[in-house]
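Colleague: Chain residues, written in single-letter form:
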Amino acid sequence: METHKEALKMENITKIYPNGFVANKGITFSVMEGEIHALVGENGAGKTTLMKVLFGMEQAQEGKIYVGGKQVKITSPLDAIAKGVGMVHQHFMLVPSMTVAQNVTLGIEPRRHGLVDNAACIKMTQDLSDKYEFGLDATATVADLSVGLMQKVEILKALAKGAKVLILDEPTAVLTPQETRELFKQLKLLKENGHSIIFISHKLEEVMELCDNVTILRHGYCNGSYPISDLDEAKLSRLMVGRDVVLKIEKADPKPGRPILEVRDLEKLSDTGKLVLDHVSFTIREGEVLGIAGVEGNGQSFLSDCISGMQRFDGGDILLNGKSIAGRKISDIRESGMSNIPEDRMTVGCVPTMSIMDNVMADRFERRENMHGLFMDKKKALKITDDLIKEFEISCDDRSEAIRLLSGGNIQKVVVAREFTSGANFVLANQPTRGVDVGTAEMIRKYLVRQVREQNIASLLISADLNEVLEVSDRLLVMRQGKIVAAFPKANMVSEDELGEYMLGIKTMTPDEMEGLL
Amino acid sequence: MSLMRIGAFLYSTLRLSTPLIFAALSAAICEKAGLFNMAAESMMLWGALIGVMVNGWTGSVWVGFLGACLAGVVVGLLIALATVKGKADLMLAQIAINLASTGGTIFMLFVVTGDKSTSAMTIQSDTLPKIFVPFKKVPIIGPMLNKQNILTYGAILAAVILYIFIKRSKTGVHIRAVGENPNAAESVGISVSKTYFLTWAISGLLGGIGGAFMSMAYTSAFTKNMVAGRGYIGLCASSMVGGNPIGAMFCAIVFGVADAVANQLQLTNAPVDIVMMLPYIVTIVVLIIISVIKMKAHARKIRSKAQKA
Chain L
1 METHKEALKM
11 ENITKIYPNG
21 FVANKGITFS
31 VMEGEIHALV
41 GENGAGKTTL
51 MKVLFGMEQA
61 QEGKIYVGGK
71 QVKITSPLDA
81 IAKGVGMVHQ
91 HFMLVPSMTV
101 AQNVTLGIEP
111 RRHGLVDNAA
121 CIKMTQDLSD
131 KYEFGLDATA
141 TVADLSVGLM
151 QKVEILKALA
161 KGAKVLILDE
171 PTAVLTPQET
181 RELFKQLKLL
191 KENGHSIIFI
201 SHKLEEVMEL
211 CDNVTILRHG
221 YCNGSYPISD
231 LDEAKLSRLM
241 VGRDVVLKIE
251 KADPKPGRPI
261 LEVRDLEKLS
271 DTGKLVLDHV
281 SFTIREGEVL
291 GIAGVEGNGQ
301 SFLSDCISGM
311 QRFDGGDILL
321 NGKSIAGRKI
331 SDIRESGMSN
341 IPEDRMTVGC
351 VPTMSIMDNV
361 MADRFERREN
371 MHGLFMDKKK
381 ALKITDDLIK
391 EFEISCDDRS
401 EAIRLLSGGN
411 IQKVVVAREF
421 TSGANFVLAN
431 QPTRGVDVGT
441 AEMIRKYLVR
451 QVREQNIASL
461 LISADLNEVL
471 EVSDRLLVMR
481 QGKIVAAFPK
491 ANMVSEDELG
501 EYMLGIKTMT
511 PDEMEGLL
Chain V
1 MSLMRIGAFL
11 YSTLRLSTPL
21 IFAALSAAIC
31 EKAGLFNMAA
41 ESMMLWGALI
51 GVMVNGWTGS
61 VWVGFLGACL
71 AGVVVGLLIA
81 LATVKGKADL
91 MLAQIAINLA
101 STGGTIFMLF
111 VVTGDKSTSA
121 MTIQSDTLPK
131 IFVPFKKVPI
141 IGPMLNKQNI
151 LTYGAILAAV
161 ILYIFIKRSK
171 TGVHIRAVGE
181 NPNAAESVGI
191 SVSKTYFLTW
201 AISGLLGGIG
211 GAFMSMAYTS
221 AFTKNMVAGR
231 GYIGLCASSM
241 VGGNPIGAMF
251 CAIVFGVADA
261 VANQLQLTNA
271 PVDIVMMLPY
281 IVTIVVLIII
291 SVIKMKAHAR
301 KIRSKAQKA
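First to last, the protein sequences are chains L and V. Its first residue numbered 1, the first sequence is counted upward by one per residue in my numbering. Its first residue numbered 1, the second sequence is counted upward by one per residue in my numbering.
Hint data in this document are derived by calculation from the structure and do not stem from the laboratory. Computed from a predicted structure; not experimentally measured. Be a bit skeptical, because a hint or two may be false.
Partial list, computed: chain L residues near chain V (C-beta under 10 Å) [claimed, not checked]: (1) Q90; (2) S97; (3) L106; (4) R111; (5) G114; (6) L115; (7) V116; (8) I122; (9) M124; (10) L128; (11) F365; (12) S400.
Even glycine gets a Cβ: it sits at the ideal position worked out from N, Cα and C.
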């Protein structure tokens with residue numbers, strides 16, 4: 001048994017928000033030097049709040065924090081950095097037009113003759129990058145880097161400021177499987193160098209693979225800390241959600257009917273002139289879910305925006321129920337059968353400052369049956385909203401409160417509820433369960449499958465979550481660099497490994513191989 | 001003869017460009033911090049008035065100049081106070097300050113002198129020194145540079161200093177970081193609000209000097225509305241080059257040429273009112289040309305990439 005020093009301890013942390021919401025209640029956990037410690041829990045379990053307290057962004061009502069055995073009071077992120085706690089934010093805090101070195105040394109620039117010493121900045125950054133084998137070029141401009149590299153710059157930033165304890169908030173959410181593996185390698189190297197890492201994740205297999213110990217939060221309480229070796233995924237998910245998350249989705253074989261959505265030779269140029277959709281063609285029929293897998297940023301978002309009518313395309317055509325959507329207004333497209341669960345629920349999916357009712361009614365308040373004279377029929381709207389809240393188990397105190405006050409999972413439920421009840425026969429679901437807790441994600445996936453089968457509608461599922469795209473989809477396409485590079489007739493027969501090879505460009509199917517599968 | 005006329009024209013261009021350069025630099029540093037400076041106009045107006053007044057009181061043109069600088073800084077800080085501390089909308093705050101300054105400077109002039117249009121009759125004020133060059137006999141360059149005001153050299157120097165400041169100094173790097181991603185700056189301990197205050201102060205200083213040039217070099221008195229939109233022209237010059245101080249300086253000189261042409265034409269029979277419109281028309285035309293060029297380049301880039309793909 002090795003003896004390690006305790007790097008960090010949070011003891012009996014209680015955080016109650018001014019509105020009375022108890023985010024953390026008596027949470028205690030500790031992290032040793034040279035340990036990777038997972039912090040898991042459903043959305044709204046209190047992970048984020050706990051880390052905000054640790055990083056000085058929020059002040060707890062009760063509890064003590066010890067760093068390196070000494071009790072400390074952390075009053076601000078700066079204070080946290082000074083005490084050796086660094087955080088890699090989910091949304092990168094980088095200045096795109098500056099170089100890697102400038103970003104890493106921002107705020108602590110070495111100076112010579114009163115000016116910033118660029119050579120020293122570069123050397124400092126390069127040394128650090130080389131020491132931890134990050135493989136970064138200190139003189140590269142951040143805007144040109146891939147997401148994986150940007151994340152490394154974020155980690156370097158924290159290390160350059162002397163962080164001993166690193167908080168990583170869902171670091172793999174934006175990474176390709178390959179980049180994730182590389183990140184893990186580097187995190188292990190950091191661990192060997194005596195750094196402690198707090199790893200927040202929704203992905204249980206990653207926690208199992210990477211971490212030494214895990215602390216589980218549930219509804220603001222600490223549900224215990226365990227060595228990973230004592231757990232398996234099923235046990236861990238039981239501790240998190242209090243019931244087994246079934247990763248398998250039972251569904252009958254699809255009986256595809258007439259085509260609902262036909263995408264023909266779709267071409268799209270980005271603002272910067274990049275061909276982001278390169279002759280994409282496929283058809284989705286009644287009663288089936290077509291999945292699109294791919295590393296993010298390979299054209300999926302553009303495809304989604306073109307289909308939903310949010311962006312125009314430069315070539316080819318999209319037919320919905322036999323009619324082209326080119327040049328038509330979004331409301332018009334929706335009338336002819338489109339519904340859209342967008343990728344970014346907070347800016348496209350809902351109006352954060354409006355109530356659940358307003359958000360639910362957003363697409364239907366103008367329909368005759370929901371009008372009362374010139375105005376919306378309030379009574380009817382309330383009934384529709386209440387029915388949906390009940391059906392989708394949306395937990396809220398008050399249906400008239402602003403939707404942004406709900407947790408991410410509940411907001412997504414509202415979006416899903418609206419989109420599935422709009423009377424459309426085509427549902428575009430782009431990352432429908434991203435950042436959503438395990439329970440809600442499961443509910444949304446099952447609902448999607450059930451609706452498609454029972455209502456005989458068609459759905460396009462775009463997802464970066466391999467499990468999701470493999471389980472929910474009937475047929476599966478893989479996108480890479482704006483092209484369809486693989487097509488599989490049965491999604492649940494595809495292995496993750498095989499899918500990964502197509503996603504990462506190790507293999508590509510020829511048009512002949514995909515013949516008849518699009 | 002014609003060489004001399006060219007020299008005289010260039011002399012006039014540089015002289016007329018000077019306030020535009022200061023206005024452009026005032027806008028440029030704001031642009032780098034992600035701020036939109038519409039208030040260079042006010043900074044210059046107050047700089048022009050206070051400079052003359054302090055000069056009149058103290059009898060020293062340099063103390064007057066310091067007063068002008070200070071006046072500009074105060075206007076800048078006022079905007080910072082309203083928008084950073086008071087969380088007022090930046091555009092509205094600047095519009096309010098501009099309107100208040102137009103009237104406010106005239107009001108203050110009236111209170112102090114009893115005259116509503118100019119300080120020429122009532123305040124004894126001087127102009128800042130001119131620089132005599134030893135090579136005044138050299139064709140074109142001699143007449144162009146000889147007897148230029150010290151602030152004209154100051155404008156060019158200011159552009160260079162500001163360029164180095166923004167590019168290489170710690171504060172300059174922080175200003176750029178704040179301008180591009182305030183969250184990133186904040187997360188490493190750079191105070192965004194302090195940076196905004198500092199930026200507005202520097203911007204105000206540059207605007208104030210521009211104003212001082214108007215009333216203490218270009219003319220020797222304050223006249224109502226004497227800035228006449230130069231602050232906005234400076235803003236255009238800066239935004240054409242994305243806030244690069246050196247580029248902003250050259251853009252300002254382009255507008256200076258238009259000013260100089262207008263001045264020359266006033267000596268001819270051309271209708272004065274239309275001639276006076278020239279600098280502003282040039283501003284609009286240049287803006288349109290630049291945006292067309294940018295659009296063309298963009299389209300070309302898209303086409304060439306599409307062909308490759």
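Colleague: If a hint holds in the structure, say so; if it does not, say that too.
Modeller: Status of each hint after checking the structure:
Taken as an interface hint, L/Q90 does not check out: its beta carbon lies about 12 Å from the nearest beta carbon of chain V, beyond 10 Å. The restraint placing L/S97 at the interface with chain V holds, with a minimum CB-CB distance near 6 Å, inside the 10 Å limit. Interface restraint check: L/L106 against chain V, minimum CB-CB distance 5 Å, threshold 10 Å, status holds. For L/R111, the suggested interface contact is upheld, since its CB lies about 6 Å from the closest CB of chain V, less than 10 Å.
Using the Cβ-Cβ criterion of 10 Å, the hint placing L/G114 at the interface with chain V is satisfied: the shortest such distance is roughly 7 Å. Restraint check, L/L115 versus chain V: the minimum CB separation of about 4 Å is within 10 Å; hint holds. Hint status for L/V116 relative to chain V: holds, with the closest Cβ pair at about 6 Å, below 10 Å. The restraint placing L/I122 at the interface with chain V is violated, with a minimum CB-CB distance near 14 Å, outside the 10 Å limit.
Restraint check, L/M124 versus chain V: the minimum CB separation of about 14 Å is more than 10 Å; hint violated. At about 15 Å, the closest approach between the beta carbon of L/L128 and any beta carbon in chain V exceeds 10 Å, and the interface hint on this residue is violated. Interface hint status for L/F365: violated, as the beta-carbon distance to the closest one in chain V is roughly 31 Å, over 10 Å. Nearest Cβ of chain V to the Cβ of L/S400: about 27 Å, over the 10 Å cut. The hint is violated.
Comparing the model with each earlier hint shows violations of hints 1, 8, 9, 10, 11 and 12; every other hint is respected.
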